[in-house]
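Q: Going down the list, the protein sequences come from chains F and Y. Residue numbers for the first sequence follow the numbering used here, beginning at 9 and rising by one. Residue numbers for the second sequence follow the numbering used here, beginning at 188 and rising by one.
Derived from the structure by calculation, the hints contain no laboratory data. Please note that the accuracy of each hint is not assured.
Stated by the list, open to error - Pair ranges (Cβ atoms, derived):
1) Y/739 <-> F/177: 37 to 47 Å
2) Y/734 <-> F/177: 48 to 58 Å
3) Y/248 <-> F/138: 18 to 28 Å
4) Y/485 <-> F/33: 52 to 62 Å
5) Y/701 <-> F/98: 41 to 51 Å
6) F/145 <-> Y/743: 34 to 44 Å
7) Y/743 <-> F/39: 48 to 58 Å
What the hints assert, rightly or not - The calculated lysine to any residue pairs, modelled on SDA-like cross-linking and capped at a C-alpha distance of 25 Å, are:
8) Y/619 <-> F/53
9) F/207 <-> Y/333
10) Y/520 <-> F/88
11) Y/497 <-> F/154
12) F/127 <-> Y/214
13) F/142 <-> Y/281
14) F/198 <-> Y/293
15) F/110 <-> Y/365
16) F/127 <-> F/216
17) F/76 <-> Y/363
18) F/76 <-> Y/362
19) F/136 <-> Y/452
20) Y/621 <-> F/35
21) F/207 <-> Y/329
22) Y/621 <-> F/20
23) F/136 <-> Y/296
24) F/128 <-> Y/293
25) F/127 <-> F/207
26) F/152 <-> Y/295
27) Y/604 <-> Y/365
28) Y/619 <-> F/58
29) F/152 <-> Y/619
30) F/142 <-> Y/246
Yeah, the Cβ is synthetic: ideal placement off N, Cα and C, and Gly gets one too.
Okay, here's what each chain looks like letter by letter:
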Amino acid sequence: MTVERAVLRVYRYNPERDEKPYYREYEVPVDKAQTLLDALFYIQENLDPTLGFRFFCRAAVCGSCAVKVNGISRLACKTPFKNLVERANGKPITVEPLNFLKPIKDLVVDHDQPFESLKKLQTWCEPKEPIPEKEYRIPPEEVKQYERPTNCILCFACYGSCEAVMDDPKYAGPYAFSRVYRYVLDSRVKEEHKREMVKNAMDVGDIWSCVQCQKCIYVCPKGVRPAEDIQNVRGIAAEYGFKDYPGVKKLQHFVDWIYATGQINRLSLPEEVYGVDPTPLINKFKERGAEVWEVPKPLPGLLEFRDLYLEVMKEKKPHLDIDFHHVRKIDKRVEEVFNADVCTKITERFEEQREDFFTRFWKKLSEFFGTK
Amino acid sequence: MLEYDILIVGAGGAGLYAALWASQNPNLKVGVMTKVYPVRSHTGAAEGGINAALANVAEDSPEKHAFDTVKGSDYLADQDAVEIMTKMGPEIIYDIEHRGVPFSRLPDGRIAQRPFGGASFPRTCYAADRTGLVILHTLYDQTLKQGVEFLNEWFLLNVIHNGERVLGVTAWDIRNGGVHFIKAKAVILATGGHARMYWNRTSNALGNTGDGTAAVFRAGLPLKDMEFVQFHPTGLRKTGILITEGARGEGGYLINKDGERFMKKYAPEKMELAPRDIVARSIEREILEGRGCGENGDYICLDLRHLGEKKLMERLPQTVEHARVYEGVDPVKEPIPIRPTAHYSMGGIDTDKYGQTEIKGLYAAGEAACISVHGANRLGGNSLLDILVFGKITAEHAAEYVVGVEHLPTEGGEYVKREEEFISSLMDKEPKEKLADLRREMGDVMASKVGIFREEKPMVEALEQIRELKERAKSGLAVTDRSKRFNLNLIQTLEFLNLLDLAEVTALCAIERKESRGAHYRLDYPNRDDENYLKHSIVRRREDGTLQHGWKEVVITKWQPQERKY
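Please build the complete structure, drawing on both the sequences and the hints.
A: Next comes the structure, spelled out in structure tokens:
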């Protein structure tokens, strides 16, 4: 019986002696390797002892062995070899180092920088005073909230797949913001330090550069969902009242306009976020005869609910800091344009169903912001 | 030349915690050297939990914890050290809790505790089944906060001392290549265990090769109780990867091919939660006597199905993942094939209860050390406690010690030269042997002859075979990759040589101990013999390379040995 063999096309580069990187192909018997890591060992033990790669626990918990397999970041020790071979369908399987990190040798890249980012973002616990004699009391539900981000093993698979890293070298990386989120959710951490971490996430880590492509979620070998954590940290930044960031302004625009009219205002968005005057754009549209809606028309029925929304927001989450002032200004414009009475009173009907409505509405809102 | 007041070698739980305490004094220059990156360390693989008598779930006390530990150790642990450890347990838990370890909680918000093998009360604090991971990462975050200096990806070569005081270490810079002497007034070895000597039959990481222990041994200092290697009852059949004791703590059953919960024959009261040595032997016996599962009858089943998917995903998510990835089995629907796997080195560097060796300024902590708090058998949940308690104690002791002494006048040139010559000799040799083959042979010899069941004749053979392997390695094992940068071939060869040294000591000690105690079980001497062997075994290497074996008294404070029944 012939043993099925697969071809691995492996990135090789030893800056000590190679002018530039190259690829070398190795044939690995499929039954000799349960995982991709086993296949790399097969090469090292039988074909080429000079192959450089990292490994340690071989059980998906130490985070050493993340590499790029056919373009996708994976833990070598957690990637069943047979599946790879089946999917490759006779073509070579390309194994390369993670993207965006300095090469050391072959599949080994420098992890110093992503570790250094954690230090810059200060992702650690500064305990809240007074420190109890025994343990802090923490409800099990709270621990559950940071269960996912604490699964992170810092393998940097997400970093090597990140669209934001590709564009913005200052961007700290998805894993780093999951770390921020984890400590911000922790009731043991001092409030000032939480603010510090969130501020660092923006100033040092460029958290607003994330384009929400969700690749980090897709590649994470431990089920962490950094893109979601990033959204949550952004929401928290707004809650904390950090206003001078384009991202926060954008969020504010979304909140204000959606509450006022049920939709965002594409024309005023650049102005509110980046201070760009929209007039030339509006004029250009008008010149060409396009219909320009300076104020989006509220959805039918929306305005009836609107005051109630705002009231709930304020009552249950005062620190969310809806800019009523701004919303009222929008109201005025809506009133002018549509000649409508937008300051609706709460009807008796809603008064009756208020409690029920509150509960449902609050649930929706907390899902959106991801906090309790 | 790199120079530190305190150099910590190893950045797992013991090393990181030592670093946090040593650097409390801002005037001390503290460095941590690790052959990987700190968060890669094997502490991260610890799953089940950490013991401390918090009494959050049931009445408990450090004294009861100490008794359970001593009994679990089959009375070989030094009771004064055990008392220190269990007494410090609660304060250590509170300290790491204040630093942010996300422990699982009781409904009232206090730290949850679960039952574990060999414990009389639910005493094991945990964070689902990734307790070690979150402790390691939380401590790492704290070292970033404290600005601890790391030498990442540096490999320990040798410990340098002058017969009285430690001078520092020699090390290989893995990333750039090259030997360095690192000068230090105090060195804390927190380099982990050496169960990789069982190569394919271990739960250990690939790098758990006893580098610190072997360096101490080469430096002529004593190793203690090296015959005691714990086999964890539940390793995955194919890879030895660990399934946590928590799986049985949560109510998992061990089943033989007849579907029988066979532990009722061996430990009728504690059943699956008897101490690890007893459960491991019971499983092995079932297999040897033909009641194993599968075509070849070479494994036993761990059945978790009755726990239900919800509980499994909540309490044992990593277990579920491991079974799915490495065994292709879904524990929600099928039992997991397991067999015992070499897991923990009770033996190691001989130290006193403060982690001090014979050489001033040289300390050991964690699995590398044999203090001894685990004696002949470690209880589940005691290793994470051990590494933190003695990480702290050694750090505080060292921090006090270094304040009173000056650096010794040496530039270390001669040590560097010696290492360079040795490494060149490895590279200049004509390659006649393959590292992978020798390593596999070592593992097979150790697993089959110095494993769970032991007997004079096979062990004597094993010792011979290990010595032959050493000869073969000496004459024919060459490092064929001559490059400097990230030379794995060199590192793996050095690691293998470390393991070989330690395997020889393990086999010798196992032969010399003619009794059964804890993890050391001899078919030819099935009973414990307190009259002759209630002693620590001590081995050191003479100048000519031969081994000198001797004994050392066990410290007994409160608990006289009694029969160990569960």
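Q: Each hint needs a verdict: does it hold in this structure or not?
A: Here is how each hint holds up against the structure:
no. : hint                        : in the structure
1   : Y/739 <-> F/177: 37 to 47 Å : 58 Å, violated
2   : Y/734 <-> F/177: 48 to 58 Å : 56 Å, holds
3   : Y/248 <-> F/138: 18 to 28 Å : 27 Å, holds
4   : Y/485 <-> F/33: 52 to 62 Å  : 37 Å, violated
5   : Y/701 <-> F/98: 41 to 51 Å  : 60 Å, violated
6   : F/145 <-> Y/743: 34 to 44 Å : 40 Å, holds
7   : Y/743 <-> F/39: 48 to 58 Å  : 54 Å, holds
8   : Y/619 <-> F/53              : 14 Å, holds
9   : F/207 <-> Y/333             : 20 Å, holds
10  : Y/520 <-> F/88              : 21 Å, holds
11  : Y/497 <-> F/154             : 18 Å, holds
12  : F/127 <-> Y/214             : 22 Å, holds
13  : F/142 <-> Y/281             : 6 Å, holds
14  : F/198 <-> Y/293             : 23 Å, holds
15  : F/110 <-> Y/365             : 20 Å, holds
16  : F/127 <-> F/216             : 19 Å, holds
17  : F/76 <-> Y/363              : 23 Å, holds
18  : F/76 <-> Y/362              : 21 Å, holds
19  : F/136 <-> Y/452             : 52 Å, violated
20  : Y/621 <-> F/35              : 19 Å, holds
21  : F/207 <-> Y/329             : 20 Å, holds
22  : Y/621 <-> F/20              : 23 Å, holds
23  : F/136 <-> Y/296             : 16 Å, holds
24  : F/128 <-> Y/293             : 34 Å, violated
25  : F/127 <-> F/207             : 14 Å, holds
26  : F/152 <-> Y/295             : 15 Å, holds
27  : Y/604 <-> Y/365             : 11 Å, holds
28  : Y/619 <-> F/58              : 17 Å, holds
29  : F/152 <-> Y/619             : 55 Å, violated
30  : F/142 <-> Y/246             : 16 Å, holds
When each numbered hint is compared with the structure, violations occur for hints 1, 4, 5, 19, 24, 29.
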